[in-house]
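Asks: One letter stands for each residue in the lines below.
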Amino acid sequence: MAETIDPGWAWAKYEPSEQHPWDMKKAGHLFRRAAFGANLVELHQAVKDGPGATITRLLAGQPASPQYAELMQGAGRANIGHARATWIVRMLDRHPVHEKLTLFWHNHFATSFAKVNSAGFMVSQYELMHRHAFGPFGPMLQEMSKDPAMMIWLDTILSTKGQPNENYARELMELFSLGIGNYSETDIREAAKAFTGWEIRNGKWSLNKPQNDPGPKTFFGKKGNWQGEDIVRMCLEHAACPRFIARKMFRAYVSDSIEPTKELIEPLAKAYRESGLNSGKLLETILRSNLFFASLTYRSKIKSPVEFALGIVRGLEIAVDATAIATVLQTLGQDLFAPPSVKGWDGGPAWLNGQTLLFRQNLALALCSRSGQYVCSPGNGKNDNAIIREPFDLLAKHGCKSTKDRVDLLLQIFLQGDVPTEMRDRLIDYANTKPNLPVMWPRDELARHPLRALCHLVLTLPEFQLC
Amino acid sequence: MSSRRDFLKTSSLIGFGLTVPTFLGRTAFAAEPAGKAGAKDTILVVVQLTGGNDGLNTVIPFADPDYAKQRPTIQIPKDQIRKIDDSIGLHPALDGMAGLLQDRALCVVQGVGYPNPSQSHFRSMDIWHAASIKEQLTEGWIGNALKQKPFGAFHVAAGNESAPLALNGAPARVPSITSIEDFQLRMSATGGKDGKAQKNLIENAAKMPTSQPSLLDFVQKTALNTYASSQRLQEVAKNYQPKEAYPQTGLATRLKLAAQLIDAGLGARIFYVSIDGFDTHANQGGVAGAHANLLTEVSGAITAFFKDLAARGQRDRVLVMTFSEFGRRAHENGSKGTDHGSGAPMLLVGGKVKPGLVGKHPALTNLEMGNLKHAIDFRQVYASVLDQWLGISSAKVLGEGFKPVDVFRS
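From first to last, the protein sequence lines are chains A and B.
Sequential numbering from 23 applies to the first sequence in this note's numbering.
Sequential numbering from 166 applies to the second sequence in this note's numbering.
Be careful, since some hints might not be right.
[Said to hold, decoys possible] List time: in silico DSS-like cross-link candidates among lysine-lysine, alpha-carbon distance up to 27 Å:
no.: 1; chain 1: A; residue 1: K168; chain 2: B; residue 2: K501
no.: 2; chain 1: A; residue 1: K226; chain 2: A; residue 2: K137
no.: 3; chain 1: A; residue 1: K456; chain 2: B; residue 2: K312
no.: 4; chain 1: B; residue 1: K372; chain 2: A; residue 2: K456
no.: 5; chain 1: A; residue 1: K270; chain 2: B; residue 2: K248
no.: 6; chain 1: A; residue 1: K183; chain 2: A; residue 2: K245
no.: 7; chain 1: A; residue 1: K47; chain 2: A; residue 2: K292
no.: 8; chain 1: B; residue 1: K234; chain 2: B; residue 2: K525
no.: 9; chain 1: B; residue 1: K314; chain 2: A; residue 2: K423
no.: 10; chain 1: B; residue 1: K299; chain 2: B; residue 2: K538
no.: 11; chain 1: B; residue 1: K234; chain 2: A; residue 2: K183
no.: 12; chain 1: B; residue 1: K299; chain 2: B; residue 2: K314
no.: 13; chain 1: A; residue 1: K456; chain 2: B; residue 2: K358
no.: 14; chain 1: A; residue 1: K284; chain 2: B; residue 2: K299
no.: 15; chain 1: A; residue 1: K426; chain 2: B; residue 2: K361
no.: 16; chain 1: B; residue 1: K361; chain 2: A; residue 2: K456
no.: 17; chain 1: B; residue 1: K364; chain 2: A; residue 2: K426
no.: 18; chain 1: B; residue 1: K568; chain 2: B; residue 2: K312
no.: 19; chain 1: A; residue 1: K168; chain 2: A; residue 2: K226
no.: 20; chain 1: A; residue 1: K426; chain 2: B; residue 2: K372
no.: 21; chain 1: A; residue 1: K423; chain 2: B; residue 2: K364
no.: 22; chain 1: A; residue 1: K284; chain 2: A; residue 2: K226
no.: 23; chain 1: B; residue 1: K361; chain 2: A; residue 2: K365
no.: 24; chain 1: A; residue 1: K47; chain 2: A; residue 2: K270
no.: 25; chain 1: B; residue 1: K361; chain 2: B; residue 2: K372
no.: 26; chain 1: A; residue 1: K70; chain 2: A; residue 2: K419
no.: 27; chain 1: B; residue 1: K501; chain 2: A; residue 2: K137
no.: 28; chain 1: B; residue 1: K538; chain 2: B; residue 2: K501
no.: 29; chain 1: B; residue 1: K358; chain 2: A; residue 2: K423
no.: 30; chain 1: A; residue 1: K365; chain 2: B; residue 2: K525
no.: 31; chain 1: B; residue 1: K501; chain 2: A; residue 2: K226
no.: 32; chain 1: A; residue 1: K270; chain 2: A; residue 2: K284
no.: 33; chain 1: B; residue 1: K358; chain 2: A; residue 2: K426
no.: 34; chain 1: A; residue 1: K231; chain 2: B; residue 2: K501
no.: 35; chain 1: A; residue 1: K292; chain 2: A; residue 2: K270
no.: 36; chain 1: A; residue 1: K137; chain 2: A; residue 2: K183
These are computed hints drawn from the structure, not numbers from a lab.
Sequences are here, hints too, so could you generate the full structure?
Replies: Here you go:
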């Protein structure tokens, strides 16, 4: 498959053509990948504006709500549960692309509260990644090496002169900058000496001179009195670094199934290196590219739990309890601030196994049912028709009258109508069949209930698992 | 590296032949009725110790003076060690397993590893899962074994755990399950007819033909397999009464669920569980502490599981096998922990294992970059399990050249 992709074509800018028109499907694809999905209005707007303007708008985002930054600083630092919930709120706020990229970096520098055990340090690390998300990779990696959460997570704080701990040195090279095969075990042992005496004082990085090894180390074949900053710099200068990051971003934003061959990655890596490892530009090149909008890229990823859950929330236009969402994400396999290992989440098909699939389908049902634990009813029970709490309200807002309209609208929002005709027919058949609902139910409920079931069925379609 | 593997994982999942899990529809590979002593259909339970278990403080060469030198602060005092013979013994946290040894149900395979060991957690774990040191690893050894004989299998998962590479490549996707209660599809139905219509629609969606092998195909097959397994499992009695008290730990809970699934007579013969936390770079402790706590959890869970099944007449059907991606450095580091190493022991528990030690403890005077050398390739242990326990040709799964180790009683 991959052999046939011309790298020149792949990374050139996508321009809509008769053969590859800009349409609802491509707009949905863009929102799923770059952000966390879209609602109907956003999709229509994107189709109208075209890919160029839409991507520009998405990358710029809108000014984030300042109260959420404060919430992260206050409640988030006090309690990891609040930090998780606040992050969910920010993902649903006005700059989802920024949060998605921060989540990419969280998966890259995969640090877990399970060991760090300080919500304050986890939030500081989140803010470090948030601050540098679109910027050059170098300063982010330098700061990350001195980040307290990271220093606890990979034992830098325990590494002392004569008795270096190799944990950070190894993962710096294997997982954060170069990838396996680009360094030796000796490089790891030598680099570890350079990080000795690094400790946390007053919540910040500090050098404990007596515990620091000032002597010569041979790293990548060069001898010098290297310190940790030198080691990080030499990793950043290594030819493997831009390739490694470009490949990782390819996996996150382009495809689980297209092989990121050397030929395909090289132009991306070259541009990345020439831009001074500017990650925002790398992302922009990917999002605007022919390959990103090509048919082999379309639906070639499995949604992560966050993408699955927030995609439903955005599409349904409901307000949710972010704490409950953050909690259910744990059972779906994506516990924010607690990735399973320093390698992060495996992603791709590993997201879906028997148990997590069932959890996903059951979560979809709960999100369709306003009585569930996830859906908030703003207005404290006030009967305000403008508030959407469940599929019935959404369909009413968009003026659906017939059964066919309703099925098509739900399919449009969640799958941009792209399902087999037979499946659509089955859904219409189902929606046309009167369920035997208890006669004592209030009339309102008799109208609302079948639409919950219908929306749930749309969300259980296999296509909806794909990103 | 990881990206390539993940890609290949995907492609290996594409295009497998069967659509319905074989064990659900057939009885050919089903177990003898539960409770029947000496049932011949053997069961394998793999227990993964994630993070690199410190083998040297698990199976300890206490008589070797170099042991104490290598471990100035985290050594286990001689008098606390559960002795296997005059020179080798178990960490005291493995008390339960020491009891199993008395009961002739524990086999300790020493010095297990592979050539040119990788000290990356992820690469080394992949090697153990795939039973291969090829650069690109796409399928697991159990997945490949299931191609030879499509036994039923379950991955009994902790909350935040994805399916292991070891199970990749199986003809029907091996389901992960965290609890029977959770393993069901909920519907908004109020009446039987509506519920049935919804269920039909959901199942039909998983059977819609796809134009080409793709991720969609993968999702559909996962879904189909899951819905079928789920239905079957709901018939399993929910109130399992173990015949042995299980500790209140994550691993024990997972093994208890495995025991329940075995007892239900579903015919599943392979179970996979994991316990994480063995990456003890710092403050790993000695007799007590982080590493001891982990060993306590492992020993308590496996011991309870084995005794529970033995009390149900399944003693001779079950084999539990532990492994970790590597052992740890012989000399402790400055943080009172240990860095990544290589050779380490594997523990086998079962009614039919050869009790005691197999192989020699790696010499502490002959280290390789400070690490213990292996003498037995882990694929030789896999070969014994495949050939002599599961009745699956190891040559077909692992390739030729892995001589089985003598770990079973004849």
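Asks: Does the structure keep K426(A) and K372(B) at a Cα separation of 27 Å or less?
Replies: 23 Å, holds
Asks: Can you confirm whether the C-alpha distance between K501(B) and K137(A) stays at or below 27 Å?
Replies: 17 Å, holds
Asks: Does the alpha-carbon distance linking K361(B) and K365(A) stay inside the 27 Å limit?
Replies: Cα-Cα ~42 Å, so violated.
Asks: Against the 27 Å threshold, does the CA-CA distance of K231(A) and K501(B) hold or violate the hint?
Replies: 21 Å, holds
Asks: Taking only the CA atoms, is the gap from K423(A) to K364(B) under or equal to 27 Å?
Replies: Distance of about 26 Å is within 27 Å: holds.
Asks: Holds or violated: K426(A) and K361(B), Cα atoms, limit 27 Å.
Replies: Holds. K426(A) to K361(B) sits at ~21 Å (cutoff 27 Å).
Asks: Are the Cα atoms of K47(A) and K270(A) separated by 27 Å or less?
Replies: The hint holds at about 25 Å.
Asks: For the pair supplied as a hint, K314(B) and K423(A), is the alpha-carbon distance within the 27 Å limit?
Replies: Violated: K314(B) and K423(A) sit about 54 Å apart, past 27 Å.
Asks: Given the hinted pair K234(B) and K525(B), is their Cα-Cα distance within 27 Å?
Replies: Holds, at roughly 20 Å.
Asks: Is the Cα-Cα distance between K361(B) and K372(B) 27 Å or less?
Replies: At roughly 16 Å apart (the allowed maximum being 27 Å), K372(B) and K361(B) satisfy the hint.
Asks: Sort out whether K314(B) lies within 27 Å of K299(B), counting only the CA atoms.
Replies: At roughly 24 Å apart (the allowed maximum being 27 Å), K314(B) and K299(B) satisfy the hint.
Asks: Is K361(B) within 27 Å of K456(A), Cα to Cα?
Replies: 13 Å, holds
The structure shown violates the earlier hints numbered 3, 5, 7, 9, 22, 23 and 30.
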